[in-house]
Amino acid sequence: MMNHSNTPDDTSDDRRNDTNDLPPHTTLQGQLTRLLQSLGSDDADSVTGVFGAWRELVGDSVAAHVQPVRLDHATLVVEVDDPSWATELRFLEASLCAKISSFTTTPVTALEVRVKRR
Numbered sequence: 010m011m012n013h014s015n016t017p018d019d020t021s022d023d024r025r026n027d028t029n030d031l032p033p034h035t036t037l038q039g040q041l042t043r044l045l046q047s048l049g050s051d052d053a054d055s056v057t058g059v060f061g062a063w064r065e066l067v068g069d070s071v072a073a074h075v076q077p078v079r080l081d082h083a084t085l086v087v088e089v090d091d092p093s094w095a096t097e098l099r100f101l102e103a104s105l106c107a108k109i110s111s112f113t114t115t116p117v118t119a120l121e122v123r124v125k126r127r
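Using this note's numbering, read the sequence shown as starting at 10 and increasing by one per residue.
Hints were generated in silico from the structure; no laboratory data involved.
Pairwise CB distance ranges (calculated):
id : residue 1 : residue 2 : range
1  : Lys125    : Thr36     : 33 to 43 Å
2  : Asp91     : Phe112    : 22 to 32 Å
3  : Thr114    : Val78     : 11 to 21 Å
4  : Thr96     : Thr35     : 40 to 50 Å
Note that the Cβ used here is the ideal one computed from N, Cα and C, for glycine as well.
Produce the entire structure from the sequences given, and follow the hints as far as they go.
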């Protein structure tokens with residue numbers, strides 16, 4: 010529908026899209042969190058916290074062979090470089106989940122282990 014008045018309506022292309030149009034509490038971090046949640050993932054702090062502190066959380070020997078892939082609600086998906094590490098993680102799962110959960114706002118209750126293709 011055309012607007013015949015001299016004032017732009019809500020569908021006008023003349024509106025400026027600048028940061029003043031955003032609520033004052035909107036940040037890139039907030040937008041990223043909303044995007045991740047809309048995709049079924051957890052908040053950005055949880056994801057970046059786990060990924061950024063991975064070596065500290067699991068230790069050098071595990072971190073050398075196991076990498077986090079994504080945090081999918083309460084399940085941390087990890088990738089191992091050898092099938093023997095998949096077996097090892099079954100034994101370590103409860104303690105790793107507890108340690109990771111204490112570090113982040115999202116409780117991690119399970120690991121989903123994938124073996125990396127060579």
